[in-house]
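Please model the complete structure; the sequences and the hints are all you need to start from.
Same order as they appear, the protein sequences are chains A and B. Just so we're aligned, residue 1 is where the first sequence starts under full-length UniProt numbering, counting upward by one. Just so we're aligned, residue 1 is where the second sequence starts under full-length UniProt numbering, counting upward by one.
Careful: at least some of the hints might be erroneous.
For chains that are exact copies, the list does not tell them apart, and a pair is met inside one copy or across any two.
As the list claims (entries may be wrong) - Here are the simulated DSBU-like cross-link-like pairs (lysine-lysine), alpha carbons at most 35 Å apart as the crow flies: (1) Lys65 - Lys99; (2) Lys99 - Lys144; (3) Lys122 - Lys59.
No lab work stands behind these hints, which were simulated from the structure alone. All values reported here derive from a predicted model rather than from experimental measurement.
Number of protein chains: 2
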Amino acid sequence: MEILELESFLPYRLYRLADAVSREFSKVYSDRLGLSRPEWRTLSGLGQHGTMTATELGKQSAMHKTKVSRAVAELERRRWLTRTPDENDRRVEHLMLTKAGLAAYREMVPLAKAFEGDLLTKLSTDERAAMVSGVAALEGALSKG
Amino acid sequence: MEILELESFLPYRLYRLADAVSREFSKVYSDRLGLSRPEWRTLSGLGQHGTMTATELGKQSAMHKTKVSRAVAELERRRWLTRTPDENDRRVEHLMLTKAGLAAYREMVPLAKAFEGDLLTKLSTDERAAMVSGVAALEGALSKG
DNA sequence: CCAAACTGGTTTCATTTGTAACCATCGAGA
DNA sequence: TCTCGATGGTTACAAATGAAACCAGTTTGG
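What follows is the structure, given as structure tokens:
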């Protein structure tokens with residue numbers, strides 16, 4: 001009978017791996033900053049780009065729009081971001097970090113880099129390169145459909 | 001100010017990629033067999049190993065034990081698996097697919113292989129090798145702590 | 001032999017998530 | 001200009017998830 005080897009089935013391995021990494025990493029920002037994953041992504045997006053709309057955030061991070069909506073609402077409640085209505089299109093809001101939000105972002109960035117660094121130093125140079133280019137290749141393949 | 005480039009931040013890319021792949025793949029078994037992801041994993045584990053306990057299933061697939069418990073309950077409800085109490089330890093149950101469960105498994109395996117095949121043919125030989133060895137390296141790194 | 005700690009597995013409850021419906025606004029075309 | 005379909009974003013409700021409590025059975029140490 002034909003069997004599927006889960007240990008070598010890529011979609012499964014990939015998910016399990018990403019889930020483990022993401023869970024580990026989420027401890028970092030959840031412990032230190034009390035953020036959920038969608039909130040972390042929102043903070044990161046805004047910190048990186050300065051200002052974004054909810055739709056843009058959703059595109060960048062592949063989050064469902066309700067996730068974005070809730071994350072934004074929560075960060076606003078904490079006064080980590082503000083909304084500014086678009087002048088031409090009144091459906092759109094431009095989101096931007098407040099001083100407090102920026103402070104949190106500045107605190108978060110080194111944590112993230114350290115986490116990634118720790119992860120990558122566990123790999124050899126070759127392995128690291130393989131990982132990075134493999135991910136890039138698959139991303140490319142998916143985006144083309 | 002120090003910025004984190006999300007597009008090149010590995011944990012983030014990895015998760016986004018795995019999520020996209022997994023979602024795409026889940027359409028396959030959800031459409032054809034009406035399975036959730038935990039149920040699919042349970043079916044796959046049992047199909048591959050013949051018989052497993054709930055704890056073993058959890059270990060193999062990194063599922064929380066409540067997920068396993070529910071998936072098993074649902075597959076049992078469908079009469080796709082049966083439980084046999086262990087002779088020596090009455091807390092333990094050995095799970096095994098029924099004829100119907102096996103039939104579903106046999107239907108599923110080619111779908112999974114086709115999905116993976118389609119995915120991989122979008123990559124060059126080098127890229128494919130990079131992906132696979134990169135994932136393996138990270139898995140290894142994580143398992144060592 | 002017995003209490004205490006532990007393990008396999010289930011259940012309960014609160015939280016998170018996704019789907020779908022929704023509201024407001026916008027843009028294209030008759 | 002008016003209508004209709006699309007779009008940005010929120011909300012309501014149902015389903016999936018995780019933490020913790022739980023039950024039953026097992027092991028260990030005194």
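Note to self: Please sort Lys122 with Lys59 into within, between, both or neither, judging by C-alpha distance up to 35 Å.
What the structure shows: Both: 31 Å inside a copy, 23 Å across copies.
Next item on the list: State whether the alpha carbon distance between Lys65 and Lys99 is at most 35 Å within one copy, between copies, both, or neither.
Entry: within (25 Å within a copy, 42 Å between copies)
Checklist line | Alpha-carbon proximity between Lys99 and Lys144, which holds within one copy, between copies, both or neither at 35 Å | finding: neither (39 Å within a copy, 40 Å between copies)
Consistency with the previously given hints fails for number 2 only.
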